[in-house]
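Here are the chains, one letter per residue:
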Amino acid sequence: MLEVCDLRAGYGRMEVLHGVSVSAVSGRPTVVMGANGVGKTTLCRAITGLIPLRSGAILLDGEDISRCDPAERVRRGVALVPEGRQVFPEMTVRENLRLGAYVHGEPTAAQFDDVAELFPILAERQGQMAGLLSGGEQQMLALARALMARPRVLLLDEPSQGLAPKAVAQVGQAVTRIASRGVAVLLVEQNLTLAEMIARHAVVLESGAVAAEGPADELLSSGAVEASYLGH
Amino acid sequence: MIDLFVQQLVNGLALGSTYALVALGLTLIFGVLLIPNFAHGEFYMLGAFLTYAMVLAGMNFWLAMALAVGAVILLGCLVDRLAFKPVEQAPPLSMMISALAASIILQQSAMLIWGGEARTIPAPVTGVLRTPFFIVTWMQLIVMASLLLAAAGVWLVLNRLRLGLAIRAVAQNRDAALLMGISMFQVRLATFAIGAALGAIAGALLGATFPIYPTMGVNPVLKAFVVLVLGGIGSLPGAVFGGLFLGVVEVMVAGYISSELSDIGAFAILVAVLLLRPQGFFGQAQVER
Amino acid sequence: MKPFSGIGAACALAMLATPLWADEIVVGDLHPITGPANFYGLPESRAIQLAVEEINAAGGLSVGGESHTFRIQTEDTQANPTVGVSALKKLVSSDVRFVIGPLSSGVGPALFPIIDRSDAITQIIDGTIAEGVTNGRNIFRNQATVSQYDVSVVALFKAKGYGSVTMMTDRFHAGFVGTQPALAASLKELGAEIAGEEGYKLGDTDFSATLTRVASRNPDVLLIRGYPAEGALITKQARQLGFEGQVVWEMVSPPSTVLKNISAAEMEGVYNCIPATTEDYIALGNEKAIALEEAYRARFNEPAGELSVLSYDAVHILKAAIEKAGSLENAAVNAALADLTVEEVPQLISDYVPGEGGQLFDDKGQVTLRSAVSVWQGEGWHPATDVIR
Chain A
1 MLEVCDLRAG YGRMEVLHGV SVSAVSGRPT VVMGANGVGK TTLCRAITGL IPLRSGAILL
61 DGEDISRCDP AERVRRGVAL VPEGRQVFPE MTVRENLRLG AYVHGEPTAA QFDDVAELFP
121 ILAERQGQMA GLLSGGEQQM LALARALMAR PRVLLLDEPS QGLAPKAVAQ VGQAVTRIAS
181 RGVAVLLVEQ NLTLAEMIAR HAVVLESGAV AAEGPADELL SSGAVEASYL GH
Chain B
1 MIDLFVQQLV NGLALGSTYA LVALGLTLIF GVLLIPNFAH GEFYMLGAFL TYAMVLAGMN
61 FWLAMALAVG AVILLGCLVD RLAFKPVEQA PPLSMMISAL AASIILQQSA MLIWGGEART
121 IPAPVTGVLR TPFFIVTWMQ LIVMASLLLA AAGVWLVLNR LRLGLAIRAV AQNRDAALLM
181 GISMFQVRLA TFAIGAALGA IAGALLGATF PIYPTMGVNP VLKAFVVLVL GGIGSLPGAV
241 FGGLFLGVVE VMVAGYISSE LSDIGAFAIL VAVLLLRPQG FFGQAQVER
Chain C
1 MKPFSGIGAA CALAMLATPL WADEIVVGDL HPITGPANFY GLPESRAIQL AVEEINAAGG
61 LSVGGESHTF RIQTEDTQAN PTVGVSALKK LVSSDVRFVI GPLSSGVGPA LFPIIDRSDA
121 ITQIIDGTIA EGVTNGRNIF RNQATVSQYD VSVVALFKAK GYGSVTMMTD RFHAGFVGTQ
181 PALAASLKEL GAEIAGEEGY KLGDTDFSAT LTRVASRNPD VLLIRGYPAE GALITKQARQ
241 LGFEGQVVWE MVSPPSTVLK NISAAEMEGV YNCIPATTED YIALGNEKAI ALEEAYRARF
301 NEPAGELSVL SYDAVHILKA AIEKAGSLEN AAVNAALADL TVEEVPQLIS DYVPGEGGQL
361 FDDKGQVTLR SAVSVWQGEG WHPATDVIR
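Chains as they are written, first to last, in UniProt numbering: chain A, 1 to 232; chain B, 1 to 289; chain C, 1 to 389.
Just so you know, these hints were derived from the structure itself, not from any lab. Source: prediction; values computed, not measured. Among the hints, erroneous ones may be present.
If you want the footprint, here are the derived chain B segments under chain A, 3+ residues with CB under 8 Å [stated by the list, open to error]:
(1) 167–176
(2) 181–194
Below, simulated EDC-like cross-link-like pairs (lysine to aspartate or glutamate); rule was C-alpha separation at most 20 Å, straight line [to be verified]:
(3) K158/C to D386/C
(4) K201/C to D263/B
(5) K90/C to E24/C
(6) K201/C to E260/B
Backbone N, C-alpha and C define an ideal beta-carbon position, used for all residues, glycine too.
All chains, please: the whole structure from these sequences, using the hints.
This is the structure:
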């Protein structure tokens, strides 16, 4: 499991997160909700090591990984599906998948088969440039790519962004299947539909701090999230 | 008139090969790391001078060139560590200034060691190939062949090696590459090593054709930046075809209009390309990074 | 500020202001000691040093019954106008009133307006060939002008009767560009067709486009006017592209510099139209030139430069003028220079053509050097005695 304890982080002189604690546990997919600009993406970047922490700790199964470089965190099992998908547009689908497994060397055939089974569309398009895929397909690819790193914790940053409802549903199904294999899922979202599909636990983030937390079915229907979006 | 045209075309391709050879290393470093490496001209210059020094000491040209390339690779990695890595997070202007500083320091060091006088590396192959249609020196043919070999070599590294996959990933999306666990240290080192090697190869070969002196790298790098813009930044085929295109245009302008206008012609083409196809011949319309 | 530094600076200033030896005459040596033209400049500066040492060792100068010695203050122009001007200012602020130099057609014209206005500087130019940098009042030159180079070219064409010529000129060399129309007219008058006038610039490396065109027209002569590195490259590439006519250079070109850029075999038979240089005088058996060469080799362990004889001459010209004036005042020395005859300076190595009254300088302060043509044979230039005696 992943535990983020009292985390402070930001850019330059600006602190975005003022002591955030969340955790992702296998079998209990967690969603972090919040309006634009509350620090959701900053949280993802800090957990994966793209930006440094100011204080706090990030524990993966009890071990502090907050001083490891991004590569080491991936190697230990933290994978991120970044905001905006961020596939490598001028590489083939297959090359994107190979890069997903980069820390462990070349991926095995079994890994490719696994992806093909989860996302049949990617298997069909494996020779195509990733930049030519549709938005939904690119999101599948980003998910599959993260999966290639054999993560223990999967972070998803706004995977529903810019997707048609049908594609959102496909993403939701895929993430649910991944979570059912024992991967701890931490979803960062604005979209209630996807959050309700996936999460069992929810955290509401407001201006860089946790405003509310509880079981997803209660919290998401309580109106706390909408209130937070509207700034009360 | 026709055979004159063929001769001028060959002249242009020979000149263009020299531009492309210099542009290859520059486009690689710029494309992958977004570093405007002005010091590339000094990799080129040092490749030439080190080869010159060793040939003068009695060494075989090709061996001297190989050793010079090795030395310049080390130097390239050192330049990255000292001049570019420390300003990685700084604004792009700092990067430019740092690049210029590295370039000037290397130039002046060479000036202290070898003095300012122009000289030429004794060519390993002399003589010319005379065909009914054109004349070309063997050395020019070697430069053209080296361009093809170098471009093919870089293509193989980028497309067949795991390291190449990582380099391309960084070039396309640095943040996403970091998320894949790619080590920036390795990619930087490899990119600078390959870039410096390409510069040194160009220097050694062209130093056997053209005079060498400490500031010899300044003009070719300016031309190489033009080639980059023509061909599309970061594109290898762009560097090759952009270089050849620029060479042919310059020669045709000098040959058929006026030798006074060859530079003006080249830059007029540049402006035209920027207006009509800002991303260059082979560039993709830039995706925001 | 530290308390002592002010006093220290004052002491230093006082030391600069009062010469250590009141009977020393300081000669400003203004040449490119470093930079791209130092292969011309350094041998000039060294020749000044040798001439001064020789004069001092022989008892110095006698000015109005008092004996004086020369001291040299060297300033580096790097063949760069901006650096050259600040070097001159440094000499002026050290109260140096006699200057020998500079070289290069960029620096000479930059210094001219400053020295032309000054009545406290006397200048003898031993390097640049640019036109319009002497005035016959306080600025004199014992080097040739570009037009005098052109005289040699014309002499060569007259002797050989060439029918056509293409000129390739460094288009940033103000001297060569400025005299080109006059030269072209003179050659036309001799019946030579001007097949083309091409330009290039210092630092160019690929001349194939132009030379392809030159080779296709195949003129009798390819005349190259500029600096030797490009001269060598143009010669080499012209031959490679099948040009079979005569290559003629018009530039001071040390063989060591030439051979760094082209093989001796490819240079064989190339003519060079410039007044005789150190090497030519040695080859012609000029004893004073041979003595200078020996002293130079003994001291610096390498042969003297092409222009060393001019710098050596300049020091002796200055000595003769000061002694003739019997005064260290610039005005008196200037007048003596204007009036000086070739015979009054027996130490001169170069072959100066005297004016009507035997004067060394004309009313513009310009000498006339005997025109000459040399030809490349083996490893260097040799007087082309078949063309001009």
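Verification of the hints:
| no. | hint | verdict |
| --- | --- | --- |
| 1 | 167–176 | holds (count 6) |
| 2 | 181–194 | holds (count 3) |
| 3 | K158/C to D386/C | holds, 12 Å |
| 4 | K201/C to D263/B | holds, 11 Å |
| 5 | K90/C to E24/C | holds, 18 Å |
| 6 | K201/C to E260/B | holds, 9 Å |
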